[in-house]
Every structure is written in C-alpha cells, then in structure tokens.
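Enquirer: Protein sequence lines, in the order shown, are assigned to chains A and B. 1 is the number of the first residue of the first sequence in our numbering; add one for each residue after it. 602 is the number of the first residue of the second sequence in our numbering; add one for each residue after it.
Calculated directly from the structure, the hints in this document are not laboratory data. In this text, a Cβ means the ideal position worked out from N, Cα and C, and glycines have one as well. Please note that a few of the clues may not be correct.
[Unchecked claim] Each computed DSS-like pair below joins lysine-lysine, with the alpha-carbon atoms no more than 30 Å apart: (1) B:K675 - A:K433; (2) A:K586 - A:K542; (3) A:K433 - B:K623; (4) A:K54 - B:K701; (5) A:K31 - A:K54; (6) B:K701 - A:K433; (7) A:K84 - B:K622; (8) B:K675 - A:K206; (9) A:K105 - B:K622; (10) B:K701 - A:K84; (11) A:K433 - B:K622; (12) B:K675 - A:K203; (13) A:K196 - A:K84; (14) A:K546 - A:K476; (15) A:K471 - A:K571; (16) A:K465 - A:K571; (17) A:K54 - B:K675; (18) A:K576 - A:K501.
[Stated by the list, open to error] Partner residues aside, some chain A positions facing chain B, computed with beta carbon under 10 Å: (19) V27; (20) L127; (21) A166; (22) T438; (23) A499.
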Amino acid sequence: MPEKKKTLTPDRISRDASYDSFDDGKVLFGKKKGHLPAMGWNSWNAFGSGNNEKLTRTMADLICELGLKDLGYEFVVLDDGCYKPERVDGRLANENVKFPSGFSKLSDYIHKKGLKFGMYNDIGTNLCAGAAVGTCGHEREDAESYLGWGVDFLKVDNCYYPFDNATFSLYENARFTFAPNIRSIKVDGKKLIAAKDGLLTGKGAKRVNVSRKDKKTGKKINDRHVTRIGTFDGTGCRYSPVGEMSGELVFEVKSSADRNAAIEIEYATGRREHVGEWLQLAVGNEMFYDDLLPATSSENDYVFSDPIKIKLKKGINRIRIMNHRRQENTLNSYARLLKWLNKLAPDNDIIYSACEWGKTQPQNWAYKVCDSWRILNDITFRVGSDGDPGYGSWESDYTCSVTSQYNKAVIMDSFAGLDKGWNDPDMLMIGMKGLNLTQNKTHMAMWCMMNAPLMLGLDLRRVKKGDALHKIIANKDLISIDQDPLGVQAKRIYCSLAASKPDRTYVRDIDRVDILAKPMTDGKAAISFINVSSTDKKDGWKISIKDIVRIFKKYGLTPDEFEISDVWSGKVRKIKNGVIEVNSLKAYENKTYILTPVKNR
Amino acid sequence: MTTSDFLDRLMHDASAYLTGKKDAAFGRYIEDHIPCLDPDSLLNRKEAAIAVYGMLREVMEIDDIEWGDAALLKDIYECKVCANAIAQVCARGIVIPKSKTIFGMDDILSDIEAEQVIMRLSDLVGKR
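Extracted from the complex, chain A is given alone in its bound form (with noise of 0.2 Å):
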C-alpha cells in the first residue's frame, strides 16, 4: 500500500536523545525503569488480524482456570486487527463487528480477572496490517485514549514510518537516515580529501574509488569518495548485533587557538539505502549542523555547500561527518508517545514494548524509553487462526525461526538488565505446528535464560491443565530463571563453533552445542546445555563449578556446595567433584539445572 504523502519532516533531537548519549545510561521523561520481562498473551501469533472480543475474553478466562495467571502471566495484549482503518473524529476507535463492547469494556473485564491489558500501534502513520491509526502525529491523543481505557502494556511497531525506510514506508526515506557521498571538505579553505585525509571510524562507512566518465567533459575521471555513512539496518539476520552499528568519517583538525572557522563539504546526495542527503556535522561533541542538504542531480554529480560555521579548539579538533538519525528519529518517535503518556499520568507504569524488529539497532538506545526492543522481523509469518494453530520454524535462512531469533539474542546478554530493559527475540511459539515437543521444551528454555518477555502465541483453548504444552509453558523452575529478581541474562559460557569469545561471538550455523550459565538471586545460578542441531551429540560437555563462580563473582556467587535440580525431572542431586557434566544430548534437547548452594536448603 503506498504510504500517505505527507510533508513530515524529523525533529530537532535533544542531546539527551542523541547518539553521543546512548552510553550515557540515562532514560527520557521519567521512564520507569526495573521491571522484570512481561510474561502474558498476545493475539498475533495465535490469530493474526482475525482475534476478536469473545476470544481475547476466553483467553483471558483459560490464563486464570489454567493456572497461568498465578504463574506470573498477566498480561494480555491486543496486537494488530482490533481497530477501524481509519480515526474518527481524529481518534483511535475500537473495530465494530470484532470488538463490539469497546475497548474499555474488554479492559474491565480483564482487570477484573486480575489480568493486565496490552494493545499495540505504531510509530509510522498506519499500523503494518495497513489501517491509517499509527500514532506518527497524534500521540497526545492516543496516549490520552490508552490511559482512558486503562492500558498497562503497549506494543509499538515501525511500519510506514516517514523518517526512515521502514517496511511499507518510501524507499527515498532513507535520504533521512544516511549522509551524502562525501568527496572532501574545505577547513577555511584548506582542502582535506575525503578518502585520503579522513579517518573511517565505526562500521560501515566506505571509502570507494571508481573510475567513471564526467558527464560533462566526457573524460575519465577517478572518483574517489566516502559512502554508507550510517546505521547499518538490523532486521536481517546478516549481520551481528555485537560493536559498532555505524560509521563516521572523521577528520583530525589541529588549531593553534580557540577559534571560529568555517568549512565547506563536497559531497553527492541520494535518496536510497547507503546514500542519503541528511548531513550531521560535529566538532567533537558539539553538532553544528543536523538538517538536509540541498539535493544534488545525482550521486556522481558533487557540489560544495555553503560554508558552516563552526567553532575549532586550541589542539586536535575532530570534525565528525556522520548520520545517526536512523537511531535518533526513531527513538524520538517512540519517546513522543512517552512524553504525553508521563506527562498526562506521571505515576502510569505503562510496560513499553519497542517492536521495530532490530532495524535501528535499539540494543543501544531503547533502553531510554522502552522496556523491551525487539531485535529481528518476524519469528514467524504464518501466524494462526480461530482453528488453526499457526506454523513455527526451528530453523530458517531469514528470521523466521526458534534458531534465528536465539542466534542473535544469545550473545545480548551485554545491552540487558533491570537498569535497562530486554531483548525481544518475538513471542513464543509454542503450540503452533512445526515445532515438535523437545523444540517446544527448548524454546521455552532459550527464552528464559535469555530473560526474554515470555509471551504466549497460542490458542489456550489447545492446552489442558496438565498436558504437555501445559507442561512446558507453565514450568516453574524454568519460569523463576527469567523471572529471577537480579535480572541477569544469560551468558554463553560455551560454543562449540566458537572457541574464543562464546559470548560474542555470533554463530548462525546451527550444527552446534551451547552452554548458557545465568547467576541468580540467593548466590544460585542456572545453567543449560542445548543442543541446537537437528542430529544426537554424544560428545559429553562438563563445567565445573568454579568456572561458573569466577564468571559471576560479581553477583555474590561463591565456590559453595551446589544442588542441582533438573528443571525438567525435578530431581535434585549434588555435585560430584564441583563439576557439571552432560554426556549426551538428542537432537533438539535442553538440559537445565537451577544450582541452589546447599546451605540456602
């Protein structure tokens, strides 16, 4: 659906919302920071765009007759499909046929059930499923119809996004989210060439040297210049989500004194992927220009800009070319719906869930704003339907997969924390075909190792008190290691792909056995074997306890004497030797213990 014209353009960022402050541990207006990952329901994975009323009322029924809701589930959450396509009277309005009672009315008898309520929106101008009521320009009054409908969780997708090219928004937004080709500057006067006399810092920028025929001479001309700088796009699964995320070019300007200066930028816009036409330009940490510059006919076709004045100090100055607005606009846009919700309920405790699928890289900056980032597309595309429980993947060459999203949150542990919020790798699957009982056993572990928000994607009216999905979605040890009150993701302590650096090391080849060790509250930790693979490994893997303890010392682990209960058995043994061992693994199979030291019995 082609996006809606409109003559939007990013604000002005604070600094506070810059990408000089990502590291700087601070949120924006107040966010309440602390919470634990949500566990609840969502709609989307067990019904797409086809949930209703009378269904979300029966889930919200099952989660308490199951027990679910004294387990930690609370919340229960309307994803896309539950409002009309378009606002009236410039307000979000509740689908007739599908929610005929409203919104207020669902969220009573949620609340009353002692549940939570969730729904979801978007930070573009049309929610993905294609309705025109994202809140890109309304979020004052969207904020105010969330908190007058009692909202305590709010999922917020990226789609038609106008300041960058999101999923169903222009291609050409990315002139907002890359700088032009960069051919040199002028430093009052003085000529520095770009791919020569700069410095390329971070990742992703690229210095490019073409031989290409001038327009117009018709000669053979060496073009050689700076490119891609940006922020690489996160939604794939191709790159890993460990270091730098963008890339700057940098030039080292000595002065002999404080000074005024002005300096002249050569470059070439466009509007695609990797060239763009929106310029940053800093000296150190002070910006001196964030806006667009004129477009030029082409990207081979350069032309110098009108001078910015700048301020040079005494010494080295580094004059920063840069383009970080793919992270700034969208944290800016998912902090204006923050804003108006602290500002018209300062006490709301609103759980805030980021879903712009790793895009902008959010590790680094959503903590600012949001409780959980999301950090792929999609963990599946065929979602199910009132009487089809949908498909699942163990694994897929895109994101679409157990695997794919675990490759890629398992070595996040470094971006997670109550300080901080967590990584999203999508709702679980569980319940939905494709996926066998021990894939379903073990993405229920990967998941709460990795302190991910457990969300159920599935149809409860499936599971019996009892039965083996039952079993494994309302296991208690395991549902203690994500909900453990210290708040630690996992690490990988091992990989058997990656010898040096298992935790950050990123692996997609998943003919592999890791290990992932979490400490926990009360000197106990938790630890779990996995085999990845679709084949048996009997090649035998033991850890001892002292490996664990020095890995967290810091947490008030210490060399003790540990029990280990077997969160699938329930057995509880002590530890031979202070050593871990597991000598076989099927295929698929976890095997998780919660260590416990012997004098806390």
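Since the structure of chain A is provided, determine the placement of chain B on it from the hints.
Expert: Below, chain B alone, put in the same frame as chain A:
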C-alpha cells in the same frame, strides 16, 4: 483491472462454493488484510495474492502447503500480514512472482495477467 473487479470475478467464479457464512468470512478476510482498500485502484500483485489466498482459505477451505521456493522471495518478509498469503499462492503457481527472489508487491497486474490468475485458480479448484 481494478481490485474491485477482481474480487467480483473471484466471487462470481466461486459462486458454487459460496454460502452466506463463507461469503461473510471472505469479506472479513479481505477487510482484515487490505483494510484501506480502494476499490477503484488498479489491482497489484500483493492484493491479487491476498484475495486469492482468502478464497482458498475461507471459501475453498484448502489447507496451507509448504512454502518451498516461495521462501526465497525477499520482499515478502516486509509484509507480516500477507507473507504467508503470497507464499501460498506462489507455491501453488497461481500468482507468478516477478522473479525467483522478488515477488513485486506493488506491481500492477495487466488485464491479461489478472485473467491468468483467475484461470489458474479455477484450474486448481476444478481439480478438487
């Protein structure tokens, strides 16, 4: 061919299968998956796929099949609400993608192409 005309043709050709309930189910499916439908707009490949899949699912009640080579279509992953619909109709050979790796969501179908889609659907239905 407009989207509206295409939907009318599908409904007409499926009249032997349509009951009041199925008619309503198909209508709801279209509303859910093309919520801001402009009936006078020219039919694009994505809308054709959604409409055909709605017919297969809600009227013919045909089960999904494995995606097969449709999984290679890179652009369908941008549409969480229609990726499966597109994959299903491509896997069944009813809507032909632009290339092996690109479906071509916004490409307008010519009248001939639209007629061919209708014919392939009829052939599939006729074989049941």
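Enquirer: Next pair to validate is B:K675 with A:K433; report whether the Cα-Cα distance is within 30 Å.
Expert: Cα-Cα ~23 Å, so holds.
Enquirer: Against chain B, with CB atoms and a cut of 10 Å, does the hint on A:A166 hold up?
Expert: The hint holds - A:A166 has a Cβ within 10 Å of chain B, the shortest such distance being about 9 Å.
Enquirer: Next pair to validate is A:K586 with A:K542; report whether the Cα-Cα distance is within 30 Å.
Expert: Answer holds: A:K586 to A:K542 is near 17 Å, not above 30 Å.
Enquirer: Would you mind confirming whether the straight-line C-alpha gap from A:K31 to A:K54 stays at or under 30 Å?
Expert: violated (34 Å)
Enquirer: Given the hint that A:K471 pairs with A:K571, does the C-alpha gap stay at or below 30 Å?
Expert: holds (16 Å)
Enquirer: Regarding the pair B:K675 and A:K203, is the alpha-carbon distance no greater than 30 Å?
Expert: Answer holds: B:K675 to A:K203 is near 25 Å, not above 30 Å.
Enquirer: So, as I understand it, the hint says A:T438 touches chain B; can you test that by seeing if any CB pair is closer than 10 Å?
Expert: violated (21 Å)
Enquirer: Would you mind confirming whether the straight-line C-alpha gap from A:K105 to B:K622 stays at or under 30 Å?
Expert: holds (28 Å)
Enquirer: Quick one, are A:K196 and A:K84 close enough, alpha carbons at most 30 Å?
Expert: violated (56 Å)
Enquirer: Is it true that the CA of B:K701 sits at most 30 Å from the CA of A:K84?
Expert: violated (36 Å)
Enquirer: Going straight from one Cα to the other, do A:K433 and B:K623 come out at no more than 30 Å?
Expert: The hint holds at about 25 Å.
Enquirer: Checking one constraint from the list: CA of A:K84 to CA of B:K622, max 30 Å. Satisfied?
Expert: holds (22 Å)
Checked against the numbered hints above, the structure violates hints 4, 5, 10, 13, 17, 19, 22, 23; every other hint is satisfied.
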